[in-house]
Amino acid sequence: MQNLKKNLRELLKYPSAVIGIVLIVLLVAISVGTLIYIPRDEAVRLWRGGDQVWGQNPRTAPPVWTNWFRSEKLPETIVRDLDTEGTTVERSPRDMGENLVAVYTFEYTADDYPQDILLKFTSDYTNRNPFVSIYWITPDGREIRMTEQGIGYNTTYRAVQDDALERRVGGLSPEIGLFDDPNTEELDVLKGTYKVVVDALTFEDDSVVEEAELILHGKVFGWFGTDVQRRDLSIAILWGTPIALAFGLTASFGSSVFSMIFAAIGVWFGGWIDEAIQRVTEISLTLPFLSILIMVGTFYSKSIWTILWVTVLLTIFGSSIKTYRAIFLQVKESPYIEAAHAYGASNTRIVFSYLIPRMIPLLIPGLVLGVPSYVFLEATLAALSLGDPVLPTWGKVIYDAQSNGAVYNGFYYWILEPAVLLVLTGLAFAMVGFSLDRIFNPRLRDV
Amino acid sequence: MYRNRILALLALLLVASLVLSACQPAASTETDAPTEEEADTETPTEEEAEAPRTTRVGGWLDEIGMKVVGADSAITQIAAGDIDIYTSNLSTPQDVEASDDAGLERSFQFGIYYELTFNPSEFSDGTFNPFVNANIRKAMNNLVDRDYLNQEVYGGLAVPKFFSFVSAFPDYARHVDVIRGLEADLSYDPDRATATITSEMEAMGAEMVDGQWTFDGDPVNITFLIRTDSDGTRVPVGDYVANQLESIGFTVTRQYGTSSELAALWVSGNVADGLWNLYTGAWGVGGITRDDAGDFQFFDSPDSAYGFTTLWQSYAAQIDPAYQALANDLANSAFSTLEERRDMISQALQYSAAQSTRVWLIDGRAFSPWQPNVSVAFDLAAGVDINPMTAFTLRFDDQEGGVLQWGTPDLFVEPANPIGGSNWTYDNQWQLLTRDSAILLNPHTGIPLPQRLESAEVYMTEGYPVGTTYDWVSLEFVAENAVPEDAWINWNPETETFVTVGEQHPEGLTALVKTVVHYPAELYDRTWHDGSPMTAADFVMPAIMTFATGTEGSPIYDEAAAGALQAFLGGFKGWRITSTDPLTVEYYTDVWFQDAELMAGAGAATLWPEYGYGNAGWHAIAISNAAEAAGELAYSADKAVANEVEQTNYIGGPSLEVLASQAQALADAGTIPFEATMGAFVTADEATARYNNLLAFYGDHGHFWAGVGPYILDQAFLVEKTAVLVHNPDYTDLADKWAQFSTPKIATAEIDGSARVDVGAEATFDVYVTFEGEAYPADEVSEVKYLLYNAEGVLVETGEATLDMDGHYVITLSSETTEGLGAGSNKLEVAVVVIPASIPAFDTFDFVTE
Amino acid sequence: MSVEIQSPGVGAEAEAPQTKRRTESTFSRVAKYTSYKLAMLFLTVVIAVYLTILIANMGGYVDEIVRGQIREFVGQMLRIDPNYQQMDPEEKNEFFQTQVERAEKRYGLDQPFVLRSFRYLWNAVTLDFGYATLMASDTGSRQVKLIIQDRLAPTLLLIATSNLILFFGSIGLALSLSRGYGSFWDRFVLAMSPTSSAPSWFYGIFFILIFAAILRWFPFGGMIDSPPPRTQWAYILNVGKHLVLPVGAIITSAMFVSIYNWRTFFLIYSSEDYVEMAKAKGLSANDVQNRYILRPTLPTIITSFGLLVITLWTGSILTEAVFHWPGLGQTTLTAIGLYDTPVIVGLTIIYAYLLAITVFLLDFIYALVDPRVKIGSGR
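Protein chains in written order, with the working numbering: chain C, 6 to 452; chain E, 38 to 887; chain U, 21 to 399.
Careful: at least some of the hints might be erroneous.
As the list claims (entries may be wrong) - Computed from the model, here is a short list of chain E residues facing chain C with C-beta under 10 Å: (1) Gln-131; (2) Ala-135; (3) Ile-263; (4) Ala-279; (5) Phe-345; (6) Glu-887.
These aren't lab readings, by the way, just hints derived from the structure by calculation. A virtual CB, placed ideally from N, CA and C, is assigned to each residue, including glycine.
Please put together the full structure from these sequences, using the hints given.
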């Protein structure tokens, strides 16, 4: 324990190490915060949610902060319902049922059109369903009839798919036609206050229109944007951090350390032990990695942790054992090992405090690459339909983005966010690694 | 120091390019998108008025280069001009948006349709299975919001579905009023679903314990098999349905898997083991089917083709015996008039809804994008890639010739030979370009059109509901069709001669259908791609080959073909070639269809040199027959694997040398294949000339695929997966023969009228039926039906709108009808069925009666 | 031959001094050791291949999966076939049964799995590849030998070029870096090493976007333009043009970490005492490097080179998919997806034999390169 504290003090002397440690502490803090703030079942519910969870989010919208780089500001989502303040609601009784007139008002200041315009109705009736008429009033006073239709217990009216409305706004797609400034030829947004009037009739005494929610999906959303299924990517980015750290560290560190230990033991004890380890390694190198994962996935479970342990096991007995063995065969013959052997050091002492420490610097590149490369492995496995179907992780985001052609359709944020985070994590460990180099390799210190 | 400065500059450049690329396209597409928006996304039709006819023969293009292109980068490659068309199916909402943003044109076709399959069996270990109860299964229809799925998962491109009939096919249009009436009962109504399921569950002894259904104390679990592969849409659909089930108290175990993993459970596993309750199923569509009456037997009855799987056997306990008999009658067309068929189908639809072995969800629609300056006729089911019409209509707008780059997801997947070769769509594409056939299916209605035929006569036994649409087929009803003595009905492999009806059926034979097919006089002007002229012998070889591979004792017998022959012989009653110049063929069979054109087409196709997987002259077949008889090659994959020999491949691999040496041997000997029969149609030196032509063709192009269609397969690079097809100058038809099919003439319907109607007053509504803005000619509209639903959603009246003038119809509701409606919000729906395209057009109009 | 050359000074075993008997015993010991080693390696190959067969067939459960697939496929196929509609239910059932039985015979499902597993093992060990059950080679043959052979050249062209450039390039750069420890370039390589965590398919997507879609310098993918150029020279040039992006993607995705690994490795040796002494004696940097750093590190370099070479032909699955390159990585993926055991076993046995040979040779190379190394005797 004592020399660990000494090493730590040593480490803080190097500026790069300090930055690295700060980044790692930040990542760990995010992970712990996420695990407390969003427990597993909540994360799975949010990620698998449904209309109630992310119905209000726009589809494939980049993050809000990308607006800073744009000259034309993209709109954010606007939501109005009966009890938002600024909405006037009058319910006047009729001989049978009631007549609800609601007027929603909102300011529209963005330079671009919304993604789409929705009205979600929920109503209650026994057998005669209510009837609604919806009107759109532009800042310059024009009134456009959107629709007149019957509504059921819960009905969603989508302006974008209303062909009659498209014809009424001169063949423009409705979400553009309703916002277009008529007195300019090319298409640009008429800014100002817009009004939407909902006039609902019910035909039974206790029948009432409970809620009429107006949603204008914007084209930017939140910190990390949304994906094709309107899911808020911040869940996957936040929840991906602990998994990436846990997955990456245990996998990379575990596999390279154990490989080195097995190689060292094999070389030092030689004979049948070395023979056994080498043969097991050769078998593990020959076995088809993918078939094993498919078998495990079919029989046991597709969860990320089972896949992790199978991968770690196969990597331990991977080609790194062979390369470490080649090195140890030489180091075994070097004088200081023979000296240690001569004065009667026990086998374990020689292996663990003479043979292995010389090679610790070789572990550092593995540590640096550990977290990012294992998360990308998860994305690759997801691409081969071996991914964990439940958990939101960075690997899944990369795979979803790639399989939905994010790069070709211009959703760069979707694939760059996890990638940049991964490289950043790797950078943090790299900076720490550079200073670890010096500490574990005394001769290097004075060079 | 110097190095650092360069390095810093480089790093800066890299970061700048990344950031720039991050926002630059997004901004630019913003400004472009709106202007592109109004450009009509349907293919613009040139003025069809009497444009001067072209003098070009064969295909419009000089050369077609096929190469493998990934689905995700297809649209970008078209926009970048790397390829001109991508023929495979794209279906995601982002693809649609990207295609429209890039201003591309696209087809739309019905590819796959999606459903939820129930496991309705009692579990042997006693665990509770809610889906044993038909009412619960039916209530699931009300629990699933198909519009939400269509808008969210399929981007509004697909069509909500309530029955097995595909909404673009004729049988849906024929029964649209019955189907629409039943759909109201199955539409999204979660409260009604919860009410029904609660009462049914309690009746079965389950209790709701703090929001969770339990039976005998433990929670009621539903194991839901969700497919992760194919087009990936079944995961969001599965998750949605699982969420809905969880929201009404069921515990759902979601088991994700690929098609092979799950097939082991729902198809070959035993349903009574209780390993699953629900599965995300889907079914493919090969082409427009004009008779879907067999669906009831196929999907709901233990007599289905899947009858021997435990799942379909479990339907025996669920099915109403009357429905089972009705389904079998419909499958065997056991009815005499079309009205009788209509009633039987209406009944079957109600039975099917009541039994609900499946909840039908969505008719998936896909599209293939191409450059705005390209146009092609697309089939409403087969799309562009496996549609024979593509070869005749694919062109650059107002340009004759040119080189077109064709992108496809894969190419040369399996060995290609006409008898038992690759059946992959990726291989069908280039085969269809080199193929000419007796008939071509109308891409918008599925009715055959005469391609190489002159005319046909169909003699139908009385008492069967058969009709015609086009005038190239004459239909006549007769008491019976006696099959003449000298007609060929079987094949003797030893003597290599046909067995005549007289020999096999001395007591005489009758057939339900007799078709007489007349070929045009200039049929023999056509030449194969290797220059050999087409002769009558090319029409005798297919007759022989129908039997040769499937009859025991034949030198080229193949067990795989025996099954197909047995199915064919079920209805086959004989051929007779009455004259060879002009060629006239009589065909006798018991297989009948409601469309006389389909029977005429089937008759012509059996003798046309199109052996199931591609055109070939008799000399090419003779060569590969010789190789098969010598045991060096095998046509089908099964026989090749069983005998450990190469599968015959006309376009590459080790088969080429074998075929070349056999061809040389036949050429030297001047052998006539099946001499006892073919000898009457072919002379020895004619045979030698043909073999040498094919060997020369092999020398030029490196393969043996000599078809007779508008394009010749010039080069096939199998490892690099690229192919080159060139224009066939000797083709005889003019290039614009099928130009009128470039855009499906699908009607758009719109109801207009006042939204306020006084109870008891007569109300009239206008119905505008248009095609791309112009009125739809009345003679091409077969019916305009309206359905009136009252405030409670009950179908109260159906009727026919009256024609006012072209493109304008009027619906009048009598004062008694409006009196009966009472106060409330009512719905009027119109369904327009047109002749040129089998997709009906719908529109709804809500109005208030006070 | 055994390499047990007694190093002076440390005589672990008290050997009888007659030199003649030792040379003869050395020879017999070498022969004994080699035959023992070969037997062990062969046994390992057999175990590895049999385990592969069991895994590829999930201990026989794949038979159930294949039965399900056959029934599903035959059902879908017959649904569209019009000839079939006219048959009544018994005929349909019986017709369906024959189709399914024939397909099952083709998969060999009529034999119990255990029997089949040993037949696969025997074919594999005797290198008789036989025929694939489902897959076909690009040129349309069903022989496993041809399925592999057709795609060998394109795979080697892509994977060998990129990995060999990567291997020797990174060793060269690492050597020069290990001299200037802590220099700007050293820290630059270290700072850039996290970029190597992304796999080559990830870089491939961005390269295609930047160089094919936006800049239009290189093609989107595939191996050759269509229609391919006629002359041999133009053909080679064209394939070269198609190679640039995939090779670039593979190299960029592994370059920095590879240099970093080798540089750290060389650093360990360049800080040895005898290297200090050599520098003190005033040898030129190159002499120091060649005689005192390269020599002792040679075994490790050879080992990783050996292990790299035998994987060059196996291809890389997703990079080939992104670039539509007809490589053996795709073949492996399809074979595993279709549970086509003959192809999986064919691919595995080649690798197993190559690995065994490499391991066998490596032991001898170690001794040759560094006399201090004693093999097979342990402590």
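Outcome of the hint check:
This hint holds: Gln-131/E has a C-beta 5 Å from the nearest C-beta of chain C, less than the 10 Å allowed. About 5 Å separates the beta-carbon of Ala-135/E from the nearest beta-carbon of chain C, less than 10 Å, and the hint is met. Nearest Cβ of chain C to the Cβ of Ile-263/E: about 8 Å, under the 10 Å cut. The hint holds. Below 10 Å, beta-carbon pairs count as interface contacts, and Ala-279/E has one with chain C at about 8 Å; its hint therefore holds.
A distance limit of 10 Å between C-beta atoms decides the matter here; for Phe-345/E the minimum to chain C is near 25 Å, and the interface restraint is violated. Here the hint on Glu-887/E is kept, as its CB sits about 9 Å from the closest CB of chain C, short of 10 Å.
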